[in-house]
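Chain residues, written in single-letter form:
Number of protein chains: 4
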Amino acid sequence: MPATIAPPTADSIDALRAIGREFHARGWSLGTSSNYSVVAGRDPLELLVTASGKDKSALSRDDFVRVDSDGRVTDGSDRRSSAETLLHCTIAELVPGTGAILHTHSPWGTILSGADLPPGRPDGTLRIAGYEMLKGLEGIATHETHEDVPIFANTQDMRELSGRIRGRFAGLDFKAPGRPPLHGFLIARHGLYTWGRDLAEARRHVEIFEFLFECVARARTLPAAAAVQQQVQQQQ
Amino acid sequence: MPATIAPPTADSIDALRAIGREFHARGWSLGTSSNYSVVAGRDPLELLVTASGKDKSALSRDDFVRVDSDGRVTDGSDRRSSAETLLHCTIAELVPGTGAILHTHSPWGTILSGADLPPGRPDGTLRIAGYEMLKGLEGIATHETHEDVPIFANTQDMRELSGRIRGRFAGLDFKAPGRPPLHGFLIARHGLYTWGRDLAEARRHVEIFEFLFECVARARTLPAAAAVQQQVQQQQ
Amino acid sequence: MPATIAPPTADSIDALRAIGREFHARGWSLGTSSNYSVVAGRDPLELLVTASGKDKSALSRDDFVRVDSDGRVTDGSDRRSSAETLLHCTIAELVPGTGAILHTHSPWGTILSGADLPPGRPDGTLRIAGYEMLKGLEGIATHETHEDVPIFANTQDMRELSGRIRGRFAGLDFKAPGRPPLHGFLIARHGLYTWGRDLAEARRHVEIFEFLFECVARARTLPAAAAVQQQVQQQQ
Amino acid sequence: MPATIAPPTADSIDALRAIGREFHARGWSLGTSSNYSVVAGRDPLELLVTASGKDKSALSRDDFVRVDSDGRVTDGSDRRSSAETLLHCTIAELVPGTGAILHTHSPWGTILSGADLPPGRPDGTLRIAGYEMLKGLEGIATHETHEDVPIFANTQDMRELSGRIRGRFAGLDFKAPGRPPLHGFLIARHGLYTWGRDLAEARRHVEIFEFLFECVARARTLPAAAAVQQQVQQQQ
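Sequences listed follow chains A, B, C and D, in order.
Here the first sequence is numbered in our numbering, starting from 1 and rising by one per residue.
Here the second sequence is numbered in our numbering, starting from 1001 and rising by one per residue.
Here the third sequence is numbered in our numbering, starting from 2001 and rising by one per residue.
Here the fourth sequence is numbered in our numbering, starting from 3001 and rising by one per residue.
Don't take every hint at face value.
As the list claims (entries may be wrong) - Simulated coverage check for chain A against chain D, where a stretch passes if three residues somewhere in it have a Cβ under 8 Å from a Cβ of chain D:
#1 100-111
#2 128-134
#3 210-222
Read the hints as simulated data drawn from the structure, not as lab findings.
Every residue gets a Cβ at the ideal spot worked out from N, C-alpha and C, and that includes glycine.
Bound conformation, chain A alone (with noise of 0.2 Å):
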């Protein structure tokens, strides 16, 4: 991914603003759930990231914080920024090329990670396979691929994660030619945590995640085709 980075102007904070009222719509920003970031500059590194607490619906101008590598407020305001702030930071620096970030809690999110992540292990994995959607994310041509979303067990304690999360990045090129490795994560009933260049690119991931999730999850309520076939003899 090239590195383009959208400017933290008016324009970036109306664009951020418009996506929380449409998320909170969709049922993935409930609440006072969620946040979202775009990245600010890289040299330093500055995110843009809403303030804590706030009803994603009716986001303000002011609803936004701006932040240094390691989540401390720079623009000399009072508002604290989002408890998940660090979380941010660490994509933004483990990801090269990351313009925004969108976190999410979407009810098919919520369930899927809590079914999959084993009790007791602190990450595990969601593999989608064989999707034509999946070309929805940057970088994959084909439905002949899958995509291995990391799980990670919830907790309160953001350093604690932001180190989980190093470490399983640690492994992964997103320099290399090709598709990334990855294109978002999970946390365990809890949410998605989603980037792109900028932020249409981030917006639309979380929009394929989000689609791939339903399908994923309510093709496990079908029953197999000859379990079909055989209630339906039953009931004639």
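Using the hints provided, position chains B, C and D relative to the given structure of chain A.
Using the frame of chain A, we list chains B, C and D on its own:
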């Protein structure tokens, strides 16, 4: 919860009307179901509550009634307050600091409350555990907790139900520091009651509970991970 | 039900057009499915009914036809009334006080009616019991009751189906004091017919039935409480 | 089907843009998925098709390309047509009278097509039988019928897939009197292709197929009537 009481001005009425339109559109207040109130005074207790039998998608400014702590109309009008007014009064009395109370009828709340209250029992419990979204309930700061939502058997006798609620709330200390002991309850195959210091908080609690009900119910329809593996292998 | 008949003025037509837009958006009247009517006169019986084959999301003022008690066009136009007009006439004749009749095609109604009518049988019954939301059906004042919704096997022969409806309604007294013996019926794998004294009541009945169909169907997909316990234990 | 061809004027383009906004909102054309076309000429065959990789919720008037019967751009622009353009050309060639072709990616179509095509097979069939809503497909006049929707294994090789479509359509007579032999097909874990004499008919076919896919899939998740009885008895 500090006692922040929303004054029952025209603003409150318009806010309740907006909630009616929103909750109808979201499928939580269909037909003439549901009723909403704000606390209009504390000494003596007075509530502003939706009038009986109104379509919640089209509440007019006249579709509200003032009642006293026993649910009697105090504004001299001949409008009848909602049949369940007494439950609003009971909650306002038992939960200190309550400024608004919302009662909704959603599919997931209806289904879960019916599934989890054993027949013949006067009340039961729906445990919601381990979800990040629990933090959307006032005072909850971690997912490593649970909310035990009381389920009461349905009845048309509001005095009797009010008595059961008083009995169940008797051992609870809503004034203790930290999180409230609970944020709402279900009536089986009927709906949800939740509340907040003000209307915005009560509305958020409805939204959060609905999300959690959907997650809990849908998660039950997913086969266990082991069964999924087996099914996938049989299909291949 | 007292005989309150909505006059088939331009107001009625615009109200039916609004219902078409709403029901299309809610997924109950897709394609050119569904048809709606209001009673325009009682002596002799006359109905205003949607013309055949129209997209319900975009009804124009010309997409309505007046018909007599046998479904014949009486307004001198060459418009064809809906193929199912005769069922509207039959209902208007059999259920005294009916002012409006709405026929919709929803997923839940389609699925439940198909699941519950045994193959080869001319009719069956869907019992809906114990839900508070039953009170949204006119005259029902308690959840401690049930609505037995007739299910008729589908046919393209409206005279034959009308005959079966007459046969099933023959033993019912819609003039007895108290609640009506029923508020609607299903045609298997086809859709719902319901009615009301006026269009608002008929619209509410559609909304209430759809809510109840969704609850009944989704409740069946939840494993029994015992199975849930077992599954949770196996996963741990 | 008589040859009614929608002229590819600005009106056609705006109609396709409206469909993009609608289908995105209904969850059938997320991300940059889906593509749409209208037949612009028959002698020689010319199509107006959506350009490659566009967000369907925000199509501009420049996001369309004219192509010939082999999918080559004929309007002198440097815009690339959709990667699946050749399938649109194949359908327009094989199905006489086609005026518009719509390709969508919905959850239910994705799941059902994946469930019903056995692994390793080049194609299969989804049978939809007995539903009244089948009458929404052009030329079908009774529910006592079935639509056998072909399912093709997915590929990124459009020439190869076009060949399989030609093979399967070889035995079908779209010019025979009566209903067409089929109205659309599925690509497994990918999406739906359907068409019509004009854009309105093609749009209706998408809507009808989506309704039917939802009914077929949800009906499979309902336990058989006997199992429901047993479960209810065990709970009591």
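Legend entry - Given coverage of the region 100-111 of chain A by chain D, tested with a Cβ cutoff of 8 Å and a minimum of 3 residues: violated (count 0)
Inset, instruction - Check whether three or more residues of the region 210-222 of chain A sit with their beta carbon closer than 8 Å to a beta carbon of chain D. - result: holds (count 7)
Legend entry - 8 Å C-beta criterion, at least three residues: is the region 128-134 of chain A covered by chain D: Result for this restraint: holds, n = 4.
Checked against the numbered hints above, the structure breaks only hint 1 and satisfies the rest.
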